[in-house]
Each structure stands twice: as C-alpha cells, then as structure tokens.
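K.L.:
Here the protein sequences come in this chain order: A, B and C.
Be aware that the first sequence starts at 51, since it is given in this note's numbering, and climbs by one per residue.
Be aware that the second sequence starts at 2, since it is given in this note's numbering, and climbs by one per residue.
Be aware that the third sequence starts at 12, since it is given in this note's numbering, and climbs by one per residue.
Everything labelled a hint here was simulated from the structure, so no lab data went into it.
C-beta atoms are modelled at their ideal positions from N, C-alpha and C, and glycine is treated no differently.
Careful, some of the hints might be misleading.
Label-pair ranges, simulated between beta-carbon atoms [to be verified]:
#1 Asn-74/C <-> Gly-220/A: 18 to 28 Å
#2 Ala-99/A <-> Ile-49/C: 53 to 63 Å
#3 Ala-296/C <-> Ala-99/A: 27 to 37 Å
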Amino acid sequence: MALTTAPDPTRRTGSVPTPAGRRGVGRARHGDGLAGYVFLSPWLLGLMAVTAIPMLLSLYLSFTNYDILTPFSEVEWVGFANYERMFTADPSYWHSVRVTLTFALIAVPLKLAAALGVALLLNRAWRGVGLFRGLFYLPSLLGGSVALAIVWVNMFNREGAFNSLLSVFGIEGKPWVNDPDWALETLMVLAIWQFGAPMVIFLAGLKQVPTELYEAASVDGAGKWRQFVAVTLPMLSPVIFFNLVLETINGFQGFTAAFVLSNGTGGPVDSTLMYTLNLYITGFTNLEMGYASAMAWVFLLAIALITVIFFSTGRFWVHYSDGEDR
Amino acid sequence: MHPATPPTTGTHAVPAYRTPVRRRRLIRGMLAAVVALPLVLGAAGCGDDEASTDPNAPVKLSIFWWGGEARAKLTEEALALYTKKNPNVTFEKTWQANQGYFDKLATLTAGGNPPDLFQIDDNYLAEYASRSTTLDLTPYKDSGDLDVSKFPKSLWQYGVVDGKLAGLASGENTQGLVYNKTLLTKNGLPEPTTGMTWDAYIAWAEQVTKKTKVPGTQDPSADYKAFWVWLRQQGKDLYKGQELGFTAEDVTKWFDLWKGARDRGATPTPDVIHEGNATDITKQLVVTGKAGASWVWVNQMPELKKNTKDELGVIAYPGDPSAQWARASMYWSVFKGSKHKDVAVDVINFLNNDPEAVKILGTDRGLPSNLDLRRVVSDDVTDPAMKQSIQVESDLAEKFGEAPQVPLKGHSKVRAELIKAAENAQYGRASSAEAAEQFIAACKSAIA
Amino acid sequence: MTATATPTATPATPAPRGPRRARGGGGQAVRLLILIAIVAVVLYPLFWMIGTSLKSQEEIVNNIGLLPNEFTPGNYADGWTNFDFSFGRFFLNSAMVSLLTVVGNGVSCLLAAYAFARLRFRLRGVWFAVMIGTLLLPGHVLIVPQYILFRSLGLVGGEWPYLPLLIPQFLATEAFFVFLMVQFMRGIPRELDEAAKIDGANAFGIFRHVILPLSRPALVTTAIFSFIWTWNDFFRQLVFLSDLEDYTVPVALTLFIDSTSQSAVGPMFAMSVLSLLPVFLFFVAFQRMLVEGINTSGLKG
Chain A
51 MALTTAPDPT RRTGSVPTPA GRRGVGRARH GDGLAGYVFL SPWLLGLMAV TAIPMLLSLY
111 LSFTNYDILT PFSEVEWVGF ANYERMFTAD PSYWHSVRVT LTFALIAVPL KLAAALGVAL
171 LLNRAWRGVG LFRGLFYLPS LLGGSVALAI VWVNMFNREG AFNSLLSVFG IEGKPWVNDP
231 DWALETLMVL AIWQFGAPMV IFLAGLKQVP TELYEAASVD GAGKWRQFVA VTLPMLSPVI
291 FFNLVLETIN GFQGFTAAFV LSNGTGGPVD STLMYTLNLY ITGFTNLEMG YASAMAWVFL
351 LAIALITVIF FSTGRFWVHY SDGEDR
Chain B
2 MHPATPPTTG THAVPAYRTP VRRRRLIRGM LAAVVALPLV LGAAGCGDDE ASTDPNAPVK
62 LSIFWWGGEA RAKLTEEALA LYTKKNPNVT FEKTWQANQG YFDKLATLTA GGNPPDLFQI
122 DDNYLAEYAS RSTTLDLTPY KDSGDLDVSK FPKSLWQYGV VDGKLAGLAS GENTQGLVYN
182 KTLLTKNGLP EPTTGMTWDA YIAWAEQVTK KTKVPGTQDP SADYKAFWVW LRQQGKDLYK
242 GQELGFTAED VTKWFDLWKG ARDRGATPTP DVIHEGNATD ITKQLVVTGK AGASWVWVNQ
302 MPELKKNTKD ELGVIAYPGD PSAQWARASM YWSVFKGSKH KDVAVDVINF LNNDPEAVKI
362 LGTDRGLPSN LDLRRVVSDD VTDPAMKQSI QVESDLAEKF GEAPQVPLKG HSKVRAELIK
422 AAENAQYGRA SSAEAAEQFI AACKSAIA
Chain C
12 MTATATPTAT PATPAPRGPR RARGGGGQAV RLLILIAIVA VVLYPLFWMI GTSLKSQEEI
72 VNNIGLLPNE FTPGNYADGW TNFDFSFGRF FLNSAMVSLL TVVGNGVSCL LAAYAFARLR
132 FRLRGVWFAV MIGTLLLPGH VLIVPQYILF RSLGLVGGEW PYLPLLIPQF LATEAFFVFL
192 MVQFMRGIPR ELDEAAKIDG ANAFGIFRHV ILPLSRPALV TTAIFSFIWT WNDFFRQLVF
252 LSDLEDYTVP VALTLFIDST SQSAVGPMFA MSVLSLLPVF LFFVAFQRML VEGINTSGLK
312 G
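Just chain A, same shape as in the assembly (with noise of 0.2 Å):
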C-alpha cells in the first residue's frame, strides 16, 4: 500500500506476530479441503440445483428459436443466427447499448458519491441518527412499485414540483420524462435518489474499521483529513470495492426504474431503452426469447470483462487486512 503514514493495520493486534511465516507452517495448501466444501455445500447445491440449469439451459436457448410459447422439444437451433442478427441486422440493440452505457457512467459514480457522502455524514453515533438513516433509506424501500411510477413523473414532467422549484430561481423547466433529451437523466436522478443500499453497506463497512485506528492516528497527530485518507478509505476499501463492482453491474442491468417510468416501453422514442429492458421486451412482449438469450448472454460476457478489470485493479488499491491482497 502507498500510503506511507497509514498506520499499519497489520499491528492492530499487536501482541500477535505478523502471520506472513506462520500461515504455510503446519498446513498444506488445501489442509482445509473437507471444511471447504462443507462450508459450500449448501450453495453448491443451490448452484447446481437452482442457478446452473436455468443458466445453461438459457445458454442453449440463445441458439434456438425459442419463442416462449413452443415446446423445447420442437424448438429449432439456429446456430449463431441470434448472436449475428445482435451486431449486425438490429439498430435498436446497438442503442440500448448506448444508452445503458450513458447511464451506467454517469449515474454509478454520483450514486456512490452520494452513498458515500451521506454514510460518513451519518457514522457517527448521536440522538436521532438511526432516524436520519431511516429517512434516507427510504426512497429506497419504494423499490420499483406502481405508486413510484406516478410520484417520479409528476416530480419531472412539465408541471412537474422540480420545475416549481426551478421557477424560484427564474430557470423555465422543461418536460423532463416526456421529453427525449431528458428522459434518461431523469432516470439516472431517480437512480441516486436510491442510494440507500451503497449507503447502508459504507456505513456496515465504517463500522467495521477498528476505533483503535483512529485512536493510533490521532496520537499520530493526523488531522481530520489525513485520518479520512490514511485509515477510512484503506480499511473500507473492501467495501468501497464491493460496492463499485455491485453498482457497476446494477447499472448495467438497471431494469426497475426504466420499467417503471416508462411503462415497460423504454420511451419516449426508446431513449430510455435500457439494455435489459430491451431484452425484456424482446424476451416477454415480442416472445423472442431465444433472442433474449443471446442478449442475455453477451451482456454477461461483456459485463464479464469488466468484472474482471476491477478484480486485476482492485490487488492496486484494495486493501485486505486478512493479509492476501490480490
């Protein structure tokens, strides 16, 4: 770790000797092999049980005709067909791509600003903060209910209470949902309107850091700022990687709130066409769902890749404190 002030973190215990040497000595490199795959037992049964099937059998759908209402045993392989009409013969496919990765750039960062800000804002133990915390959950407990269809549009759309407030300061609004320029911003406000579960695993992740530290660093006589770089963001990092690497997904897969605003159209003009709810549409309302599949598909390889671009980062700037940063 690069940062040379940090208390070590690795001495918190103190008395205990740094378990580098210790941790070969006595076992082999799978000593725990049985416990292991107790401990797993009852997800591998779930993944073999549950998750893998549906997976696979999704997989070979992708090369199917499959249309949903068609037996499996008369459906028809089509070899590659979907995946070629995907990047060849379908423009809407390629802007769902575009908008969804307009969305996921802008709206993922400014959600974990937030979420991050807010945490830090409410760590500290005083009268009434579990109710702040509360109050900020909130808007996240609504999930993607009917009711919060018509709230958010009668927020954004041209009578809308946002340009009520914007007529204060003189600005004229525009008619945010409904209009094609705006629809996707919209969605993106509404997407960090509910920060609450970022926040909610900071603030589990805040707690976790061991008041000794800050202790140590304040005899250290580090300042507000040097404890917040120093010992925060490398004790949460785990969590702030978590996070990132679950928000990126989210927003890649963000369904709820574009289902939500706009009817399940992904209007006005498809231009809050979201990659899944384009597949959605493809997969339950066009009943091409042998197509959907091959979406679906190409979306986990896609988004795959870039998993695997913050796990090969994350050994840079994510710190571990069971010693095994990689």
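Starting from the known structure of chain A, arrange chains B and C on it as the hints suggest.
P.N.:
Chains B and C only, in chain A's frame:
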C-alpha cells in the same frame, strides 16, 4: 484464489465459435442433455391420467384472467353459478391486473402448466393460436355446443386465426372518441359528431384550442387503433394475409395529417402527447384536462368518468364510421392440452349465453356478445356513463363494416413501433416520410 | 498500541475524536439544518405520495399539488378491504416470505462466504468466479427455465406455494450476499484466526468463535436487504403465486390498477404508503446494530 478468472459457465459460448463441427456437436449434445434433464424429471411428475369419461366425475378447471377487483367479483359470482348448476365442476381461479399477465401466461405455458381456460386479447390471440396453444373451437361451434347463433357474425369471426376459431369473444367494443362536454358548452363550442371528416375534426379541434386554451384533441398518430380506422377508410387495412395492408406512403400521409394538426395548434405539445400515448385510463388527456378529446374504446367511458368531474361525450372516430367494426374486447380461449376441454368449452358457452350469468357479468368485458341478452342487460344498466357508451355502441353497430382479420403475430411489436415512429415525427426528430420508412422496416421484421 | 486507547471509547460512541471535537453546539446545529434541508428535498416525492394517498380519484388525476383539496382518508379503508381478503393478509404473506428469506440468506450465505474468504480448498478460485458469474446474467432469461425446472421438481403450486421462492434462498443462490460477506470477512484480521488456531480451534471452531461474532455488520446488512428486496420483489412472486389468498404485497398492489379497465389509484397509494411502514421499521430496528462499532481488541478473551 483467482477471482479474476472469468466464470466458467461463461466460457462455453466462446470456444464454440470457432470449433470444428465435431466439437460443436459435442457441446450441443451436452447442452441438450442439460435441457432434457428437467423434462425427464417432469415426465415423472406428470402421472395424472386423462379425464375419465364419466360426465359426473369431479372436475377442477383452472381459469385465468386479467382485470380489476370488480371484474373478479362478477366473474367469481358467475363461476359459482356454474358450479351450482354443475356441482361436479369447481374452479381454480387466478386473476391479476394486466401488468405482467401475458408474461405469466407465457411462463405457465412454457412450464406445461397453462390454465384450462384463459382470457386473451387480439394482441396475443394470433401469437398463441399460431403456436397451437389454443384449442380450435370450430367443431364445438358447428355442433352447437358453443352457441354463437345470437352473436353478430363479424364478432365471432374476429376470433378466427388461420381458419381456426381460436377464441370466443367475451364482449364487444369499438373505437370511441371521448370529448369533454363541459369544456365545450362552457365556451359555447359545438360538439363533434360521428361522421365528420378528419379535416373537419381537426378544424374543430383548432377552434377549441383557440377559444379554450386547452388543446382541442390528443394527437392519435401513435395510436394503432386510430391509424387502423383511418386506413380502412382509405380502402386499406392493417394486415392483409401474412403481409402489412398498407405502404410507407399511407403512413406518411397519416403522419402528415397530424403534423398539419400540430402546426395549427389543434393538439398539445409532443411531451403531453407522449403522456397521453400511454394506454392507462388515468393518463388520458381528456380526463387530465390537457386536451379536449382522447382516442379510446367506447366501453372505457364509465371508468374515464370516474377520473373527472366534467361531463364527457363519446362518438365514433372521424370519417366514415363503417370503417369501425364489432371488435372482440377480449376472448376466452381453451388450452389445447387441457384435460377437460369439453367442460371448458361448456363454461365459455355458459358465460356468454346463460341469461343469469350474462346478467351477472354485465358489460364488464364489453357489451355482451349475445345480442338477445345484450338488450336485456342494457335495459338494466343504471350508470349514466355506461348507458351512454351502450347507446353509442348500439347506434354504431348498425353501421359497422366487416371485421378485419385478427392481427398477425408480432402485432404488439407493430404497435410499439408505431408509437416510436410517430413520436419521432412529433418531436421533430424525423420527417413524416423518414418516420414512415422506419416504421415500415420495423413492421416487416416484426411480422416476418 | 491498543493499550493507549482512550478508555472512554465504548461501543456506543465509536467516534474516537473526542478531544478534538469538543466545539460548541453552533456547528452542530448548522449541520443538523443542512441535513434536514437535504432530507426535505430527498423526501419530497414521498410527502407527495402521502398527500396523493389522501386525494379523491378525480383529484389524483387533475391536482398534482402536494396537498389534497378534498381530504379523502377513506382511501385507506377502501384499500384495506378492497379484496376478498383484507390487505392484512397480503402483509402477513409478505412478512412470512421476507423473514424466511432473511433467515435463509443469512445462514446459507454466511457458510459459503466463510469458505470463500477463509478456507483453502481445491477449485476455490473457480467456484468463486462461478459465483460472481451467476450475478451477471440478466434475470429475465432465467425466469422461464427456472419455472420449468421448479415445476418438473413438483414445487410449483403445491399446498404451500412459497417453496419456489424460498428454497433458492436457503441454498445461497443470492450471490450478492455471498460476495458481500466475503468482502466483510476479508476485513477481519487473520491474526484472530491464527490465535484461535493456536488455541486448538479447527475451521468450525474459528467460524463459531471468531468469524460469526465479527460478521455482525455483514449479517445485519444482509438481513436488511433480504427483507426489503423480498418485500418489494414483484416478478418472481407474480409468476409463482396464483391464488389471491397467497398473494404478497407487491402483487396485490398491482391489482388496484388494471390500466384498461380500472383505476383505483387512491387506494393503491394508500396501501403503498402502508406497505412502506413494515420495511421502514425493520430498517430502523436493524440499523441500530450498525451504530455500535466493532472493537476487535475486546474479542480476544
């Protein structure tokens, strides 16, 4: 641990790309094995035998419909009546709102578990019928077990897909132009009338805008049902056989008609038009006060009325009303693999032709299909808005033309594409001709 | 170094900056005001929602202001009794499914996470990658295959129709939580394991005595999310539940509005507001456990 390793499941797709045929076949075989697994398991689970021949053997019929609470109450009451008359038949009832209805119906069908009897509309009838999901009701119609003798001919025919009777109309409705009467009378403006030309109508709307500051009419260029009526007045249709029944030229004309209307201020601005393009009753501009008239179905009048204090009027769409037809607002269909086909058909017959049942159901799914019973039910109606819509529909029924063919599969995509193209033109992102080209291209791939 | 810790650092007041932060209440008040201002903006849509739940049907469509002109509390009574079963029934169903999901996720994901975070065994990296991979496929293409699978296993539409919703939760299929817990566990110093190992603990002992107690923040977070997300999940519950009496809150909420034939928006808003209460309370109750800091030094004994 190497978290950076891509998920193994994900790698299957990649090597298959460039592998020689033999390996590809192997992969395909493996996948097929995975696919077969649930089916094998499934076969073990489906041990029930065919329905017994004893007519009094107990039958449990599953039935699935969308709608609100009111519809659920009425339907349950009618089904209870059936059980009372046929004690061996009971029902497993599932109902939900239309949101997600077809997603669930499709999923149930895929799982080999569709309901014996289900509600469906003309959006999806061809999709289901062309995949042999629905039972052909023709033999039952011919034998009289399914009595359509009192139906308007064009109404039951609007359930025929590829020569098979795929669903039986559970009610009738037709296009209706709903306008705000209060707004007009307050400003001393005339009401629009059935049969006025499109140009006259747009001129009327322009006048409304000028006088009331409320845009005279919603712009229906994104509305397939308005487009459809207009097409039929031009001697065209939405579909002809397995093809589109119109050309890019027709679409351009249609879009230009409404571009003219927008330029003259007869309609609201594009963002408001977009709001009104949603099918929800609560978003219709005539009830939200953002336009003087909305393009709906006649039988939606009573529900529209609940959302506004103003008086509403309803007429046919502009132009020659004989372009409208007796449309099945929805159908009942029977799952082809049902174990109780005969009973299911009998239930449909009961819901449409039994005087008591029809009286219970009222006009909830549209006007009763059985004309004799329609008269009886109409006389009983007290709700003024419903009376009004029945009146208008009965008047129109005398002018109805032939029903068009049931929309092809891919119709829901065609509808969505029309909205997209029309809005492109409305927002000024494309000329009428460009939007029309775009629409035609999308339609062709949708119904291919 | 722990020896120098201020003795006042009790779990309830983890902020260790005591000496420096002894400034007066003025700054405090300003910060509170700023917070309240932010909250007001953030919550305005929710106030609007409550306002709308008190409007008449006709006003909902035409009055987009915050407050109703005509106060209509009857929406609550109407919504509650709108169906053959009172809305309380749907609340109970949702609560049951959500609570069982909390238990299932908590237990199964914790076990898996411990294996991934702490134990060494063959193919660990591969399994971990597979686990992350299951997060990446858009769920909509899995619904139909999953339905087919569960149906062939005879789990759909049984006497107790919630099995297809719950079984996966007890098998740690929510990779999100496994990954979350792994990340948290990796924040727990390995020296604690080593110390326990020296005391003769095996993998199970370490799990029981070191990891489990220290995983509270992760468990609390998992509990909160499991509960809330299940409470709000619509699609899966819609697909697997078919009987009105089994419906959960999100499914029941959609029943108020059938876009082409019915528009009971007022009652729907009223029930939506009510449905926020249980999750809000659940959150406030559980977040308390996030207030208290973790003092690792206290755990060695």
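K.L.:
Evaluate each hint against the coordinates.
P.N.:
Going through the hints against the structure:
1. Asn-74/C <-> Gly-220/A: 18 to 28 Å: holds (25 Å)
2. Ala-99/A <-> Ile-49/C: 53 to 63 Å: Since the Cβ atoms of Ala-99/A and Ile-49/C sit about 46 Å apart, the hinted range of 53 to 63 Å is violated.
3. Ala-296/C <-> Ala-99/A: 27 to 37 Å: With Cβ atoms ~33 Å apart, the hint holds.
Hint 2 alone, counting from the list given before, is not met by this structure.
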